[in-house]
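One letter stands for each residue in the lines below.
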Amino acid sequence: MRECVHTWGQRVYMHARVMTLICALGWVAIRAGFAESTLPDPVLEARARVLFMEVRCVVCQGQSIADSNAELAGEMRLIIREQLRNGRTDKEIFGFLRDRYGDFVLLRPPLTAKTVLLWGAPFLVLCLGIILVAHYYRQLARQDQFLSSSDHERLQGDATHAEKRP
Amino acid sequence: MVHIGRWAIYLLPIAILITLAVVFFIQLQPGNRPDEIPSALIGRAVPDFDLPRLRDAMSVHAKDFPSGPYAINFFASWCIPCEAEHPYIRQIHDLGLPVYGINFRDQKEAAEAWLHRLGNPFAEVLVDAKGRTAIDFGVTGIPETFFVDAAGIIRWRMSGPIEAGVWKRDLAPLITRLKAEAAQ
Chain L
113 MRECVHTWGQ RVYMHARVMT LICALGWVAI RAGFAESTLP DPVLEARARV LFMEVRCVVC
173 QGQSIADSNA ELAGEMRLII REQLRNGRTD KEIFGFLRDR YGDFVLLRPP LTAKTVLLWG
233 APFLVLCLGI ILVAHYYRQL ARQDQFLSSS DHERLQGDAT HAEKRP
Chain W
15 MVHIGRWAIY LLPIAILITL AVVFFIQLQP GNRPDEIPSA LIGRAVPDFD LPRLRDAMSV
75 HAKDFPSGPY AINFFASWCI PCEAEHPYIR QIHDLGLPVY GINFRDQKEA AEAWLHRLGN
135 PFAEVLVDAK GRTAIDFGVT GIPETFFVDA AGIIRWRMSG PIEAGVWKRD LAPLITRLKA
195 EAAQ
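The listed protein sequences derive, respectively, from chains L and W. 113 is the number of the first residue of the first sequence in my numbering; add one for each residue after it. 15 is the number of the first residue of the second sequence in my numbering; add one for each residue after it.
Keep in mind that a hint or two might mislead.
Anything over 12 Å on all C-beta distances counts as not near chain L; from chain W, calculated [claimed, not checked]:
| hint | residue |
| --- | --- |
| 1 | A22 |
| 2 | I28 |
| 3 | I40 |
| 4 | S53 |
| 5 | D64 |
| 6 | R69 |
| 7 | K77 |
| 8 | S81 |
| 9 | R131 |
| 10 | G155 |
| 11 | D184 |
Quick list of the computed label-pair ranges, beta carbon to beta carbon [to be verified]:
| hint | chain 1 | residue 1 | chain 2 | residue 2 | range |
| --- | --- | --- | --- | --- | --- |
| 12 | L | V237 | W | A186 | 22 to 28 Å |
| 13 | W | V37 | L | A246 | 25 to 31 Å |
| 14 | W | R20 | L | P222 | 25 to 31 Å |
| 15 | L | M131 | W | A35 | 32 to 38 Å |
| 16 | W | K144 | L | W139 | 46 to 52 Å |
| 17 | W | A127 | L | E157 | 37 to 43 Å |
| 18 | W | V37 | L | C135 | 46 to 52 Å |
Honestly, the hints are just simulated from the structure, not real lab data. In this text, a Cβ means the ideal position worked out from N, Cα and C, and glycines have one as well.
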């Protein structure tokens, strides 16, 4: 019986093809396992994806429902897709969620009287910091003015003295 | 103008940090944490729903509940904290406030076995198989318990299992108050 002899290079090539196939199948299998039924209309589905990024997962509160694996996030995604299919606007969908969960459910809270402090706080703190630092440095500059006239002369004298030296 | 020494520039952030640390420390003490997200439904009417009863699948709406204050408790057989708070649900019932259970994303047999094992303090158990009604209530997890007054207005939302501190400080007085209001 003739032995099937492959070179080292051929064997690597064969293994690489098999591994690629396994990885591809694995990827498809995992995606299928996590797949949700997306909307058939690609425009609506794109709108859905954008909306998902804007809604907070109330279970894992740091994530959007786009990222979250929580069941509640999945349910919210389902509801948003349904509402998009029923022709709701983004504003109506956000209103639906805010009605039940409050403004906190939106990752970008709307600018209302209550949240104006939230939005403005970083700028306020920055301005405060700038004012403090400017004040401090202006103080330093003012202290320089309090050098006596004799100190000034000495400064001047040292300078001319230095120039005269060969 | 205020003289700001060199030290102030360094001390101010540290002072802010220490203040925040103290505030956070106080807020994180057990018993001092209110709802993680305050319920958007406080002060509003109970959202309408249409859920089947656990025992016979008959359809029940919010308006079908007998008049008077009551509590709604979202629970499931797979939910360990729900089992932990079960004695307090019994206490709500013992204080004379009807509790309606909403079985959240559960199996009928599992729910019935759970109730049989622990005892059924609910005036009625409704089934929210998909969790849609929970979303209408703004539920973020289970258990959650809503306290509704005689006018059908939600007065309080307990997020998470009821435990001794909250019961003594907030819930028992609340139940007494709701019943007193209804008696007038």
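Hints versus structure:
no. : hint                          : in the structure
1   : A22                           : violated (8 Å)
2   : I28                           : holds (14 Å)
3   : I40                           : holds (21 Å)
4   : S53                           : violated (8 Å)
5   : D64                           : holds (16 Å)
6   : R69                           : holds (26 Å)
7   : K77                           : holds (19 Å)
8   : S81                           : holds (25 Å)
9   : R131                          : holds (24 Å)
10  : G155                          : violated (6 Å)
11  : D184                          : holds (20 Å)
12  : V237(L) - A186(W): 22 to 28 Å : violated (43 Å)
13  : V37(W) - A246(L): 25 to 31 Å  : holds (29 Å)
14  : R20(W) - P222(L): 25 to 31 Å  : violated (43 Å)
15  : M131(L) - A35(W): 32 to 38 Å  : violated (52 Å)
16  : K144(W) - W139(L): 46 to 52 Å : violated (30 Å)
17  : A127(W) - E157(L): 37 to 43 Å : holds (41 Å)
18  : V37(W) - C135(L): 46 to 52 Å  : holds (50 Å)
In the structure shown, a violation is registered for the earlier hints numbered 1, 4, 10, 12, 14, 15 and 16, in ascending order.
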